[in-house]
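Taken in order, these protein sequences are the chains called S and Y. Taking this note's numbering, the leading residue of the first sequence gets 1, the next gets one more, and so forth. Taking this note's numbering, the leading residue of the second sequence gets 1, the next gets one more, and so forth.
It is worth saying that the hints were derived from the structure and are not from the lab. There's no promise every hint is true.
[Said to hold, decoys possible] Computed list of chain S residues with no C-beta within reach of chain Y, every gap over 12 Å:
| # | residue |
| --- | --- |
| 1 | Met10 |
| 2 | Pro12 |
| 3 | His13 |
| 4 | Gly119 |
| 5 | Ser136 |
| 6 | Leu250 |
| 7 | Leu331 |
| 8 | Leu351 |
| 9 | Leu362 |
[Claimed, not checked] Think about it this way: if two alpha-carbon atoms lie no more than 25 Å apart in a straight line, the pair counts; the simulated BS3-like pairs of lysine-lysine are:
| # | chain 1 | residue 1 | chain 2 | residue 2 |
| --- | --- | --- | --- | --- |
| 10 | S | Lys319 | S | Lys366 |
| 11 | Y | Lys198 | S | Lys69 |
| 12 | S | Lys361 | S | Lys319 |
| 13 | Y | Lys5 | Y | Lys198 |
| 14 | S | Lys22 | S | Lys66 |
| 15 | S | Lys69 | Y | Lys196 |
| 16 | S | Lys226 | S | Lys188 |
| 17 | Y | Lys196 | Y | Lys65 |
| 18 | Y | Lys196 | Y | Lys9 |
| 19 | Y | Lys5 | S | Lys66 |
| 20 | Y | Lys65 | Y | Lys198 |
| 21 | S | Lys66 | Y | Lys196 |
C-beta: ideal position from N, C-alpha, C; glycine also.
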Amino acid sequence: MATRRFELAMSPHVGASQTTRKIMFDVVIALLPALAAATWFFGPRALLIVFLSAATAVAAEYLCLKFMKRPVSFALDGSAIVTGMLLAYNLPSGVPLWLPVLGTAFAIVVGKQAFGGLGHNIVNPALLGRAFLMASFPILMTAGWAAPEAWNSSADNTWGTSGIVAEEMSTIPMADAISGATPLNVLKQTFDLDASAVNARNEGNTAEAASLEERAEGIRSALSCKSTYMNLLVGRSGGCLGETSVILLLVGAIYLIIRGVLELRLPISYLGTVAVLAWVFGGSGWFNGDPLFHVLAGGVILGGIFMVSDMVTTPVTPKGRIIFGIGAGLLTMVIRRWGGYPEGCSYSILLMNLVTPLIDKLTLPKVFGEVKKNG
Amino acid sequence: MTLIKDLTKGIYRENPVFRLVLGMCPFLAVTTSVENALGMGAAATFVLICSNFLVSLFRNIIPSKVRIPCYIVIIATFVTLVDMVMNAYLPDLHRSLGIFIPLIVVNCIILGRAEGFANRHPVLNSVADAVGMGIGFTLAMVILASFRELLGNGTLLNINILGSAYQNQPLLIAILAPGAFILLSFILGFFNILEKRKGGRQ
Numbered sequence: 001m002a003t004r005r006f007e008l009a010m011s012p013h014v015g016a017s018q019t020t021r022k023i024m025f026d027v028v029i030a031l032l033p034a035l036a037a038a039t040w041f042f043g044p045r046a047l048l049i050v051f052l053s054a055a056t057a058v059a060a061e062y063l064c065l066k067f068m069k070r071p072v073s074f075a076l077d078g079s080a081i082v083t084g085m086l087l088a089y090n091l092p093s094g095v096p097l098w099l100p101v102l103g104t105a106f107a108i109v110v111g112k113q114a115f116g117g118l119g120h121n122i123v124n125p126a127l128l129g130r131a132f133l134m135a136s137f138p139i140l141m142t143a144g145w146a147a148p149e150a151w152n153s154s155a156d157n158t159w160g161t162s163g164i165v166a167e168e169m170s171t172i173p174m175a176d177a178i179s180g181a182t183p184l185n186v187l188k189q190t191f192d193l194d195a196s197a198v199n200a201r202n203e204g205n206t207a208e209a210a211s212l213e214e215r216a217e218g219i220r221s222a223l224s225c226k227s228t229y230m231n232l233l234v235g236r237s238g239g240c241l242g243e244t245s246v247i248l249l250l251v252g253a254i255y256l257i258i259r260g261v262l263e264l265r266l267p268i269s270y271l272g273t274v275a276v277l278a279w280v281f282g283g284s285g286w287f288n289g290d291p292l293f294h295v296l297a298g299g300v301i302l303g304g305i306f307m308v309s310d311m312v313t314t315p316v317t318p319k320g321r322i323i324f325g326i327g328a329g330l331l332t333m334v335i336r337r338w339g340g341y342p343e344g345c346s347y348s349i350l351l352m353n354l355v356t357p358l359i360d361k362l363t364l365p366k367v368f369g370e371v372k373k374n375g
Numbered sequence: 001m002t003l004i005k006d007l008t009k010g011i012y013r014e015n016p017v018f019r020l021v022l023g024m025c026p027f028l029a030v031t032t033s034v035e036n037a038l039g040m041g042a043a044a045t046f047v048l049i050c051s052n053f054l055v056s057l058f059r060n061i062i063p064s065k066v067r068i069p070c071y072i073v074i075i076a077t078f079v080t081l082v083d084m085v086m087n088a089y090l091p092d093l094h095r096s097l098g099i100f101i102p103l104i105v106v107n108c109i110i111l112g113r114a115e116g117f118a119n120r121h122p123v124l125n126s127v128a129d130a131v132g133m134g135i136g137f138t139l140a141m142v143i144l145a146s147f148r149e150l151l152g153n154g155t156l157l158n159i160n161i162l163g164s165a166y167q168n169q170p171l172l173i174a175i176l177a178p179g180a181f182i183l184l185s186f187i188l189g190f191f192n193i194l195e196k197r198k199g200g201r202q
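Extracted from the complex, chain S is given alone in its bound form (with noise of 0.2 Å):
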């Protein structure tokens, strides 16, 4: 083949040496600790649940790339593996196997490709998929949770799914009543106790007021002790695959932080949020909350991380990002404190992800030498 003479492109003529097949093989790996993490506290089932959600990732974006006679390259970029992988991370351990493959499925049909494949989706695949397998079916998304005692229980039987350590638990009153399975779970049912404290003292029922406040007040303290912090930090609680670990959570993060692809802004902006409300009113009242649970519990760590930093779903303007992530942060805390679920990171993340253009277009910097116009 002759040489080409002149070389014709379009700008920007300075290219960098990131590509979208770089940055998503480095969220891969970055994902992969909080992998370890899952199968060693949930067991190999863990590790074919999110094999099967990547590899089905891959599959429907190929298919969905021929039939629409687009390159189908594109399925390779590492971004059908990513998303695969987030919903799986999504998911408790007991799901039926068939329940990733198809929420994955939806995720690239018509999370990503419907709207045009990457880069042109509104929302998060994964989160999209999530939401789909919740309102499909709602009692298997949570039923699963009570999988890691059962596995590697020989290893360490002191903790329940709850996160509370045996020796807390016996310090709350009827502790044998907290059913909850995740700690977030068992948040929620403090504020339950609350509200029917309240009841029972508007029907002049004193006693039984008092009884519902102490047990919620126990609870609460058996949720803020440092063995609980503890159990979070290490990922030995009920929970999603991809979340229980905290910490191998933050490895990642580390390492994609030093590979340029993690912008810091979305992250802060989000968990400080989260940390600042969950003062405010995650507690019983008002500026009694507990930030560093309502941070470690959940799947904020995981949302902040991998989710609210998706390139294409959030603003690119460093002014939106900001916005963006209290946003989000409002809207988790806002569900977590009164909504009907007990976590709320997927869907504050999915309602902010529909306003991003808006933020976008509001914080749009001005250009160099522009005029505010009059009127």
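Given chain S's structure and the hints, the job is docking chain Y onto it.
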């Protein structure tokens, strides 16, 4: 000849739902089961035929400035009729369709046909148009409702199709609101591909 054309165009070529994207509110809301879809389709078709007939009959008498209120009065009359008859003879269906029976008054297919067709065409053509549009609307409702009922409940016309094992864990989202939107988009996409292949309107 034009009579047949007026009759058939509503079924596919100008299908009110799939081609004109009208009547979305009842279309998305009551297609949770085939039974509801048939009931709604029949009610809307009846109102459509009657209103097209009357509007066409009076098209030279109604002053154009007040034509919309006149259409509404005519349509509302028949909707009230349907509402009462259904309440008396099909109370179960009436209950499950609920507010969407009175809302036929503001159904844009019916108002649209009155404004867009019946007020400038002879009576016979208007009735033919109404029959065609009514069938098209009912057909579209039944198509979406079949998917939703089958996926979301495992049944068709309350007959168990997919077995009780499926019914324990159905794809619940199909009979919820998001499922209606998602399935609608797939059906619309399918018809667009069909049209594209035919080389017609895109």
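Taking the hints in turn, this is what the structure says about them:
1. Met10: 29 Å, holds
2. Pro12: It holds; Pro12 (chain S) is separated from chain Y by about 35 Å at its closest Cβ, greater than 12 Å.
3. His13: 37 Å, holds
4. Gly119: Fine: 20 Å to the nearest Cβ keeps Gly119 (chain S) off the interface.
5. Ser136: The claim is violated: Ser136 (chain S) sits with its nearest Cβ about 4 Å from chain Y, within 12 Å.
6. Leu250: Label holds. Min Cβ-Cβ 34 Å, cutoff 12 Å.
7. Leu331: Per Cβ check, Leu331 (chain S) is outside 12 Å of chain Y; nearest 19 Å; holds.
8. Leu351: 14 Å, holds
9. Leu362: It holds; Leu362 (chain S) is separated from chain Y by about 27 Å at its closest Cβ, greater than 12 Å.
10. S:Lys319 to S:Lys366: Given pair Lys319 (chain S), Lys366 (chain S) holds - Cα atoms ~13 Å apart, limit 25 Å.
11. Y:Lys198 to S:Lys69: Between Lys198 (chain Y) and Lys69 (chain S) the Cα gap is close to 19 Å, so the pair holds against 25 Å.
12. S:Lys361 to S:Lys319: Judged against 25 Å, a Cα distance of about 11 Å means the pair holds.
13. Y:Lys5 to Y:Lys198: 19 Å, holds
14. S:Lys22 to S:Lys66: 23 Å, holds
15. S:Lys69 to Y:Lys196: 15 Å, holds
16. S:Lys226 to S:Lys188: 20 Å, holds
17. Y:Lys196 to Y:Lys65: 40 Å, violated
18. Y:Lys196 to Y:Lys9: This hinted pair holds, its Cα atoms lying about 18 Å apart.
19. Y:Lys5 to S:Lys66: 39 Å, violated
20. Y:Lys65 to Y:Lys198: Violated, at about 41 Å.
21. S:Lys66 to Y:Lys196: Roughly 18 Å between the alpha carbons, so the hint for Lys66 (chain S) and Lys196 (chain Y) holds.
Violated hints for the displayed structure, listed by number in ascending order: 5, 17, 19, 20.
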